[in-house]
Each structure stands twice: as structure tokens, then as C-alpha cells.
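Listed in order, the protein sequences are those of chains F and W. Okay, so the first sequence: first residue is 1 according to full-length UniProt numbering, each after it adds one. Okay, so the second sequence: first residue is 1 according to full-length UniProt numbering, each after it adds one.
Just so you know, the hints here were simulated from the structure itself, not pulled from any lab data. Be aware that one or more of the hints could be misleading.
Copies of the same chain look alike in the list, so a pair counts if it fits in one copy or across any two.
Said to hold, decoys possible - Taking lysine to any residue pairs in the SDA-like style, the calculated list, with each CA pair at most 20 Å apart, reads:
(1) K61 with I429
(2) K151 with Q505
(3) K151 with Q237
(4) K61 with Q521
Protein chains: 2
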Amino acid sequence: MSYIAPVKDMLFAIEHLARIEQIARLPGLADAGLGTARAVLQECARFSQGVLSALNAEGDKHPARWQDGQVSTSPGFKSAWRQYAAGGWQGLQHPAEFGGQGLPKTIGAACIEMSNGANLSFALCPLLTDAAIEALLIAGSDDLKTCYLEKLVSGQWTGTMNLTEPQAGSDLALVRTRAEPQADGSYKLFGTKIFITYGEHDMAENIVHLVLARVPGAPEGVKGLSLFVCPKFLVRQDGSLGARNDVHCVSIEHKLGIKASPTAVLQFGAGPGVAGDSTGPGAVSHLVGQENRGLEYMFIMMNAARYAVGMQGIAISERAYQKAVQYARERVQSRPVDGSGNASIAIIGHPDVQRMLMTMRAGIEGCRALATVAAAAFDTAQHHPDAQIRQHNRACYEFMVPLVKGYCTETSLELTCLALQVHGGMGFIEETGAAQYYRDARILTIYEGTTAIQANDLVGRKTARDGGRTARDIAAQIESTEAELLASGTPAARSMARRLTAARQALLDVVDFVVAGSQTQPRAVFAGSYSYLMLAGHVLTGWQLARSLLVAQELLRSGQEPAFMRAKISTAQFHAEHILVKAAGLRDSVVEGADSVTGLAPEDF
Amino acid sequence: MSYIAPVKDMLFAIEHLARIEQIARLPGLADAGLGTARAVLQECARFSQGVLSALNAEGDKHPARWQDGQVSTSPGFKSAWRQYAAGGWQGLQHPAEFGGQGLPKTIGAACIEMSNGANLSFALCPLLTDAAIEALLIAGSDDLKTCYLEKLVSGQWTGTMNLTEPQAGSDLALVRTRAEPQADGSYKLFGTKIFITYGEHDMAENIVHLVLARVPGAPEGVKGLSLFVCPKFLVRQDGSLGARNDVHCVSIEHKLGIKASPTAVLQFGAGPGVAGDSTGPGAVSHLVGQENRGLEYMFIMMNAARYAVGMQGIAISERAYQKAVQYARERVQSRPVDGSGNASIAIIGHPDVQRMLMTMRAGIEGCRALATVAAAAFDTAQHHPDAQIRQHNRACYEFMVPLVKGYCTETSLELTCLALQVHGGMGFIEETGAAQYYRDARILTIYEGTTAIQANDLVGRKTARDGGRTARDIAAQIESTEAELLASGTPAARSMARRLTAARQALLDVVDFVVAGSQTQPRAVFAGSYSYLMLAGHVLTGWQLARSLLVAQELLRSGQEPAFMRAKISTAQFHAEHILVKAAGLRDSVVEGADSVTGLAPEDF
């Protein structure tokens, strides 16, 4: 079925929660107001619905294929990429200096959701290209920027991130790929990288690999990683393409989902078609930034990629939700449970189907609101003239990144599972399409850092490091929202306030536990890291839906879009009564349940 | 990887929770003591591990194939079926009168778990054959029993259940298949049935279809359904096979999982190879029991099938758990979080991996314990000389069936998902195998009645109908266990008692809500049916692990299997602190959150 971009809900979040008009007052973002947002989103919706969506099921049926080192992408992908590039979509958030449009993340994030909602496999290529651009912007020399950025921003070339090796997944300390310095200042790379998304394909004329490797004598562990740029085809001084570089795709993976997205094993410095090690001339590459600072650059660009993967979770959930709603409207089965009729009705009228659809709505709208607000914090952190405000927003954004990545993708597993369930037996049949969303979503809690890695990040760098200050700042903001809810006084607002208060207090208990124990009992704290992440996700998405509820009540009074506003209020209330209510249990798990997580010795499993 | 049947844990549940020695004192079950259980389980483990397990991944890679109305099963399945039949496994729980072994369900259930743990796709064939046998035992005439039972029990023939039609899934009132009475007392069937597991295959010489259809003039709805037996090949008076019957497989489905199990579309009375309607001679069949009582018979056999699908959930979770543990032991990645070493360690040492593995253990052991105790209730209800005790056990068993089916399969979705997560990126690669368990499990919450159907059954027939008496009886038993825990006084027992008490009280609140509202506000009650089912599942599995904890403490004192007993205690404690703690939130959802489930009009989704 076709995908309809949820432009109205996106604009609601952009206008009322992220407050785009405040973003548009920041230096350099004067054109980025609500009008721009609306125009860009409508155009992106048109493109995503018209071009990308139709290729989604096709790509699943006809995955990317490898032969003799070449990868052919799924039918229609080459043409779609040309149109994507021609439309300027790759450059949306990148600087005008390199041909981009310099739009804020608050607008760009919605576009990322749309392209992923239309076609997750396709949208991974721009996602990784964004990351490569980011790395070069952060740390590339002027020469490297001149050489690569314009062509990446225009979509003429695409980019990749090369971190993982067979023995080094979450643990980058184990990376072995070698970088040998050459007399001309370049390096030659030797090693094997795996799980490289769009590491080889036929959609663009060149592929620009960003690669973590070690120079001779580098320190052990992550402090000895350097970042290199290594193109598939070498680039001549005049910008034209030169010789084929010694980086070759020796296979692609046979995966559970995102089958149209080629996941490559890349050999650096092993010659063409050779699966062994170190027998080729070496892959010519250039250092990005300084030696041994690779992890630092990688982290900055990984934050952008992690945020984008979180958007993928929202996107696939939205698409699965739309499909489930459509099926639930069409499928006629069983009489009403209250005996109000003798004929079978569309299943959307049955309470348990409504429970599943409402769970999806609350999850999706809560996550979308959280991600949009996080994007606004990023934009403010980038552009605000006041350093203190920049710093505050930076901290808030960084606190939210592991939630956007970890929580929104964990949620997408649950929601795509529910969407399949709504279809009953038909959901299990591949031709229906619900199963593809379920399969595609399954990678999201794994790549760009598993949920465990996000949870560790939340515990360590985002909570313990500042003694819980950012977490408590956010809790204080939530408390103000609770006061507004109580002041509003409607039954929905009061119910939300009650649940939100309890959930916030549960969160604060956990923050105290994390801060107090991160040094003295780290195993106990990390035993609760996942539950802390889920709890924080519930609370922060509930908070954003609480804000939405207040806005919707206000707009309802002025008669705007009554059906939309009433649905927003219902969805917020559902979140309070069915998602926020999980907070106390999670609090108990973290604060009182650590010992039973780590009580069993490895040999006793 | 190979599957190891969890015989030790099964015997623990059979001996100490189901108390097999009491079962063996019932009339007719004298041979069914612990010694028999041990011998049967060991033999079944040998067969499942040796024959069935190795075919599991092969079957996924080489699914059943349809050509010209014939279905070829996956490599090795024919031979495995011959061995299964020769071993007498199909007859395990069936009467000696028809060649079975007449063993109690308390033993048979463990065998069902093992064959499904080894190979879910394969084990579906015996599961459906059991159901067909059950239907004939319940309602078949002596002629039908003579004709079919011995050959089904021996595994010479296999059986199917034909309920679903394109327009009639959960809603059997919509079944349209016609049964036309013939002069000789037989009937001819005309119609289309879909989703028929092992509806066509090449493993046995005949297939015996049990089919729901309508006789002329039958009442509308479910009260007009009759049950028929319709063989693939007609059976002559002497028991030999006669002409091919007019029931044909026009296609099999392309599914997300259980790919080796052929899911057939069957045409009755449409001639060979014809996809139209009513153009063949009609499928010769015989009425089972009386006209218009088909649903009643179907329900009895469906209870057996639902229980068995619950065992499938436990089985696939166990297999996925074993694979995750193996990977977690082998995969070396990252240093200990507590800084206790500088080298990377096996990930089984990381707290969040332990959290995932413990979640799996607690879910699996809790569900296995619940299902084993339910089986003992079934056996007691069948065999106890005292009618009141029979009746009490019947009610307990029937209360637990929707939990075994609904809760254990919902849990299997979560646990196979976690098992994949433990593998990180490798989990997403099909060759690893974790993805197959994730895909296979996904049907379990759908077939033989979706989770919504189970939840409605729990609310309506199992709770509201007896005014909550059975639910409160069970709660009273749980309360005694709490008293024993408090009397024991160990920290683990006290922690468990505290969580169990709170969870039981939450459950009782929900039972009160269900009983009070089922007539006056059915939509509100059914809005909470899923959460009630999950809450009851948490409480009843937690209860069984609480009993396990008490037993394990006792056995530990006498020095028996200390590592196993300590692990049992840890697992129970984990359940208390990480699963039972969800009870209060679910209670609030049901009792205080109904309006927000059903608040949105169908057109506003």
C-alpha cells in the first residue's frame, strides 16, 4: 500500500512543540520559519510518496545482488537516486557553501522520517552520506572539503561509515585495520570491514568511505584510532575520477530485512576479488583531522547518525500503523462486544484492535514529538548567540540522542509487531507487506550502536558525568508542564498530570541511583541501564504529549481542526494511562532489582 | 546449532510443581510416575535432538514446495516422520485402545515442547494430528473411530483442522462451506478453506481433514456449524485406500516463518486443479457427532491445540535462549563495566547481556512451570475419582489455557526478539539462525486464536461466567504460597513474597473490575482484556517460580544439585523484581484506563 507522509502531525510538533518561529529568529536561520517548513515538508511528502514508496516492496522482493565484486541495486533504485540528488534532498541540512540549503534539523528531521517511512532501505544511503559529510565538515582539511563535499552534498557521490570488523562491533578498541603512511602524505589501508551499508552499489559514480584504522605505533585501544577518507575511485586534481582504488566488495549479507540496502564486506588493500589479507597495493586514503583522534570525530558524526536511526524507528512505525489502520477498517469480523448489533463489523470497532492502534499512535506521536524537540535543541545549540543557552541546549540534545536512538527504535519493534498482529493470519503472509516492516525494523535497535550501547551512553556520558544535572533540569521542565496541566484543570489534563508526576518522580529516583552508584557499584547501575533508558523514554515522550494536550485544548477552543485536536488529546491520555503507568515498575527494577540481574555466574546460564 | 532438550528443568516442574507422584496415584495412571516421566523424556530428548533438530534450519532454507496440487516437504521430513511414527510418539497421550500409550498430559506436554524446540515446522504436523484424533475421540461414531483412529494414532495417516475461510478467521459465524447430505448418510463438501496447516504434503499416505461446514437449513452463525471428517483418499470397508477425494490443494502460502510447514488453500468439491467453486463432484465426508454441534466439538479439540501452541511458544523461546547463551559465551567484546580488567571479555559477563538472558530464563521457566501445572490439573480433571475435585481442576485448567496460549506465545515474541538482540549485527544475518526463531515465533500469537481471542476467552468464559470464582480460588492458593515464603524468611523468599502479594492484589482488583463490568460496560472490560491476560500471566508464572524457589531452597539444604537450585532461586528473584513489578501498571491500565482505549472514533485513526 502507499505511504502517506504525516505532514499535519509533523507540522504540529514543529510549530507548537519545537517552536520553529523561535528557531527562525536565530542568526543564520531567518528563512527557516513555519512557511519554509510547510513548503519543504509538502514537497518532500510528494517525492517520498510518489517516487520512493512504490519501490519499497519491490526492493524487498528483489534485494541488492552481488556479482564479481559489483553490486546491482533493486529495480528502480538508480533512477530514484538520480531524482533524489536532482531534488537537492541530500543537501537539505548542509551548508550553502558546499551547495546545501542550510536548513535547521528541526525541518530536516521530518524529511528524514518521510524518506524512511517511504523506503527504509533506500533512505539508508543518504543517511550514511550525511554522516560522511558531517565527518568531513568537522575535521576535514580544506583540500579534502574541496575534493569531496560538493559532490557528496549534491548526491553525485555517496558516503559510507567503516567501523565494524569481524572481531570489533560494539567494541571499537579491537579495530585492526592498518594505515601505512606514504611519502606523499597519503596513507594506504589494509584490512577487512564488515556490515558496511551501501559499501558498494551502482547508484552513484563514486563512493567515499570514511574508515577507522590504526597508524603504526598508535596507542592500543580506542585512543589509537584515526579516521581516513578512502574513495572507491581516486580523485584527480581537477576533480575528475581516476584509477580504481584497492577497496573491494567481496560479498554482501543475506539479511532478515532492509534487503534492498546492500550490506557489504569490504577488503582494503587485498587486490580485486581476493579474500585474503594484504596482497594488494593498499587502498589510497587521506587522514581526516589528526592522527589518533578518529574516535572523537566518529562520535560527532555518529550522534547525527544515531539520531537519524531513531527517526527510522518512528518512520517504520508510522508506515506499519497506516497499514494496520487500513486493514482494520476493511476487515469485517465478529459482532460488537457490547451486543449493540447482530452483524459483523470492521475490526477497527473492536476494543482490543483499538488498544493496538492507540498503542501505536501514542508511541509514534510521542517519539516524533521528542525527536522534533531534540532537533530544536540541536539547532539552538548550534545557532544561539548566548553561550550559556547554547551549552544548555547542547546538553539537552545530547541527553536525548540515546533516547531518540534507543527508545524510538525499541518502540518500533513493539509497534511493527502490533501492526502485524492487527492483520491476523494475513500478517504472516509475506505478500501482505506487514511482515516486511516487522523484518526491516529489526535492525534498528542494533546498528549505529545497540540499545545497550545507547543505555550505557545515557548512564555514563549523559547522566553520571554531569552528576545528573541535565536529567534534573529536564525533570524541572516537566514539573512546570505538570503545573500547567493542573492549572488547565480538564479531566484529561488532570489525569495526565497525575501520571506524569508519578513517572517523573520514578525517573528522579533512578537518576539519583545512577549518580550515586556509577562509581561505587557500576555493575548494579549498568544492570538497570536498559530500564532507565525505557523509563526516561516513557517520561519524555509522555511529557511532550502532555504539552501537545495543552496546545490541542487551546486550539480546540479557537475551533481549529477539532477532529485532529481531539485525537491528540485522546492519544496523550492513552499514553498517560497505558505507557506512563509503566514507570513505577521500571523504577523498582532499577533501584531494587540490580542484584538479580547479575546474580548468576556465566557458567550457570 | 544443536538443540539440547531442557530435561532437568522439565523434570523439576513435573516432580515438584505438578507433583507427578500424585498423578500416578489416580486410577488408570499407575504407570505414570516419575520413573516413567524420566524415561520418556530422555528418549524424546534423544529423538528430538538427534533427528528433528538438524532439519530445522534446512527446512527454513528449503521450504515446502507446491506443484500441480502436490506438496513436497523439506529435505529429510519424510524420513523424520517415518521415525516419529515408528517411535510411537504420535500416540503418546492417546488411549491404548487405539494403539496409544495413554500417558498423562503432565508427561506428554514436555514431549510436545521438545519436538517443537527441535523443529517447530515439523512438530506442527503431529500437533494438528493430535487435534483430529481428539475430535474423533470426543464425538466420532464407533465406525469413524474404527476407520481412522488407529492409523492416526500410529502416524500412518495425519490430520488437519479446517476452520478458516477467506472471510472467516476469528469469526467462525461467517463460515460458508456447504455440506450436502447424500442418500447413503454421507455428505459432500463444497467450499474453500485457507491457512490449513499440513493440508497437503507427502509424509503420510493419507490426510484426514476435520472440516467445519453448514448443512442445508442450518441456523445462521456459529450455531449452524457441523463437523465433518473428510479424507484425502477415501477409505474402503477393509481399511485400504480407495479413490482420491475431491479435496485439492490449490496453493500454499509464502510466509514469514515456519516455512517448512505447508500452509494450504484447500478446495472442497471443485475438482482437481480448479480454483473456481462447486464444479467438482463434491468431497465425500462424514458427520462427526450431531449436526450443528460442530463448534462445541471444535472447542474441545481447540483447547488441546491452544495448549500445544502455548508449548510451542515456550519451545521456541528455549531454543532461542540456548543460542543466545552460546553466542554470549563465545563473543568477546568490551572490557568489564566495573573496570575490573583491561582485556575484552565474553559478553555474557556484561550486565545488560545478563539482563536479556535472565529475562529469557525467567519467562521460559515461569511459562514452563505454569504449563506443567496446568497439565497436571487437566490429568486430575480427567482421572480423579471425586467429582468435586475433577470439577475444580477442570475450572483451573480452563482458566489457564488462554494464559498458556496467549501469555506464553506473547512472551515468546519478546524472548526471541531478545535472543536476536544478544547477537548484535550477526543476529540480523540469516545464516546465524537467530532470525529464524524470531520469524517462526511470530505466528504463535495468531493461529489457533489470536491473543485477543484468548483474552476475550479469559474475560468472558473463564472469569465473568463464574463470577470470578476460579480466579479468586487461584488467588487464594497464591496467598498460601506467600505465607510459605514469609515463613521461610530468606531474603529471596521475602522479596518474592512482597512482589507476589502486590501483584496478586493488582490481579484481584482487575478480576473485580471484570466481573462487575462485563454486563454493564463490556467495551470498558474488553478494552482491558489484553492487559488482564498479561497481568494474570505475570502473576501465575511468578507464583510457580515462587513455589520453585521454596522447593529449591529445601533441596539446596539437602545438598541436591546446588548450581541448579541456586540458579532457580536467582531466576525466581529476577521474575519478582523485573516481571511481577509490572503488575501495578497493568492494573491501572485496566481499571483506570479503559476510556482512552476506546475514545477515538474509527474515522479519526
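The hints, checked one at a time:
1. K61 with I429: both (13 Å within a copy, 17 Å between copies)
2. K151 with Q505: neither (50 Å within a copy, 64 Å between copies)
3. K151 with Q237: within (14 Å within a copy, 81 Å between copies)
4. K61 with Q521: neither (50 Å within a copy, 46 Å between copies)
Comparing the model with each numbered hint stated earlier shows that hints 2 and 4 do not hold.
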